[in-house]
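As given, the protein sequences belong to chains A and B, one line each in that order.
If you're matching positions, the first sequence starts at 1 in the numbering used here and goes up one per residue.
If you're matching positions, the second sequence starts at 1 in the numbering used here and goes up one per residue.
Calculated from the structure, these hints are not laboratory results.
Quick caveat, the model's predicted, so the values are computed rather than measured.
Hints may be right or wrong, so weigh each one.
Across the chosen pairs, the derived CB separations fall in these ranges [stated by the list, open to error]:
id	chain 1	residue 1	chain 2	residue 2	range
1	A	125	B	134	40 to 46 Å
2	A	33	B	242	44 to 50 Å
3	A	78	B	194	32 to 38 Å
4	A	92	B	212	42 to 48 Å
5	A	121	B	147	29 to 35 Å
6	A	125	B	186	36 to 42 Å
Here are the simulated lysine to aspartate or glutamate pairs, EDC-like style, with alpha carbons at most 16 Å apart [stated by the list, open to error]:
id	chain 1	residue 1	chain 2	residue 2
7	A	6	A	49
8	B	62	B	87
9	A	90	B	84
10	A	90	B	87
11	B	62	B	84
12	A	90	B	142
In this text, a Cβ means the ideal position worked out from N, Cα and C, and glycines have one as well.
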Amino acid sequence: MDKNMKILVVDDFSTMRRIVKNLLRDLGFSNTHEADDGTTAWPMLQNGDFDFVVTDWNMPGMSGIDLLKKIRADERLKSVPVLMVTAEAKRDQIIAAAQAGVNGYVVKPFTAAALKEKIDKIFERVDG
Amino acid sequence: MSESNKHITPEFQDQLKQLAPVLLQQVENDNLEEAVAILVKLQQARSNAHSDGEFSQVLKQKAAELHQRIESGELDSALETLQEMQDARDRGLYQEVGRLTRALHNAITNFHIDANPGEKVEALSEMSEATDRLGYVVKLTEKAANTTLDLVEESMPLASEITQDAEHLRSEWKRLLDRDMTADEFRDLYWKLDTFLNRLNDDSQKLYGNLSNILLAQDFQDLTGQVINRVTGLVKEVEASLVDLVFMASQVEEITGIVRDGQQQAKEKDSLAGQGPQIDTSAEDVVSNQDEVDDLLSSLGF
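If we strip away everything but chain A, and leave its shape as in the complex, we get (with noise of 0.2 Å):
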């Protein structure tokens, strides 16, 4: 796994991207990037070149779900691995998000455990 990956920290509340930003540089990832939401980072994702998204699933603009459906029809960026970090616990918006091809899925609220562990089994298989 490449610690200098470029990723992409989407999340309405500034508090949780930086908890989220702190967890991962605890993890020895320190190039993060933030957008408020999904409306923010589509053009962040179209012009640089993230190797890795977490988004969060509701915000105002553009939703997470939305992202990700949006990252997958694109040509470009449809291989970028997505993780969902999130308060929503429906079974349907999980079976939703496994659909639209999330790569992971955290419930809000989560330990740095958690996180770690969901992103070693996503680049587990994206390396492997």
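Given the coordinates of chain A, assemble chain B onto it according to the supplied hints.
Below, chain B without anything else, positioned relative to chain A:
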């Protein structure tokens, strides 16, 4: 028929269903006396269901009058009596409307809305104050979270530097204990230890200070808790007023004979719209922890 749809109790409805064929038969057989008796009976049952004392008394009286007039063949005056009955019924309706209007007014007053002309709609109710209060909660929690994060971000490098230095010194110290150290190296270690101890002193004070500031930053819980409790109280009040209002609206529907098309269809919720944290994690369609998410995903072949 829609006129008499008002105030129909199930009992009356049953009675009506039961008596209507009998009534028709009696009319068919020209047993008018019997037929009228049935009508009077129905009318009485109707009046009982409709607990308007004055109205039912008028009805009883008029029904008897009607009976009599039909008996004696005075059809014109019978029609007149019918009209009078209708008028009495309308009066009852007006009274009911008046009562409902007053109740509606009271219910609206309970919302604590003062609709002064010229005032902004947002400033009309305590609700706007409640929204402000909740906005304050968001601000306060955000501030506390940022303060805590600032302090943590400041403390973590200190802690990791202390760890690194301590590890380094421990290995040097071990070499000293093992007598595996030159005099020059020892002098070096001597000063390193001095620096480390000074630094440890400063940094641990700094860490202690940061931790107690993190402690203080938690005071938002008390303040926001109080605010949220007050807003919750208001929401409950408003809910009670709304229930009153809905009850009133149903009565209005009843007396004006508005018939609803079956069950009001609840708008299907978009299951993919964000719904925020689930408070009741014991609900069937909600996962309660990360393990359940993982189980669900692995059942989908993840």
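Hints, verified against the model:
1. Checked against the hint of 40 to 46 Å, the C-beta distance between residue 125 of chain A and residue 134 of chain B comes to roughly 42 Å, which is consistent with it.
2. In this structure the supplied range 44 to 50 Å holds for residue 33 of chain A paired with residue 242 of chain B, their Cβ-Cβ distance being about 46 Å.
3. The hinted window of 32 to 38 Å between residue 78 of chain A and residue 194 of chain B is violated, with their beta carbons roughly 59 Å apart.
4. The hinted window of 42 to 48 Å between residue 92 of chain A and residue 212 of chain B holds, with their beta carbons roughly 45 Å apart.
5. The hint said 29 to 35 Å for the Cβ distance between residue 121 of chain A and residue 147 of chain B, and at roughly 34 Å that hint holds.
6. Our hint of 36 to 42 Å for residue 125 of chain A and residue 186 of chain B is violated, since their Cβ atoms are close to 52 Å apart.
7. Pair hint residue 6 of chain A plus residue 49 of chain A holds up; C-alpha atoms about 7 Å apart against a cutoff of 16 Å.
8. A threshold of 16 Å between alpha carbons decides the hint, and for residue 62 of chain B with residue 87 of chain B the separation of about 11 Å falls inside it, so the pair holds.
9. Distance check on the hinted pair: residue 90 of chain A and residue 84 of chain B sit about 62 Å apart at the alpha-carbon level, beyond 16 Å; violated.
10. A threshold of 16 Å between alpha carbons decides the hint, and for residue 90 of chain A with residue 87 of chain B the separation of about 58 Å lies outside it, so the pair is violated.
11. Taken as a hint, the residue 62 of chain B and residue 84 of chain B pair is honoured in the structure, with Cα atoms around 8 Å apart against an allowance of 16 Å.
12. Simply put, residue 90 of chain A and residue 142 of chain B have alpha-carbon atoms about 26 Å apart, too far for the 16 Å limit, and the pair is violated.
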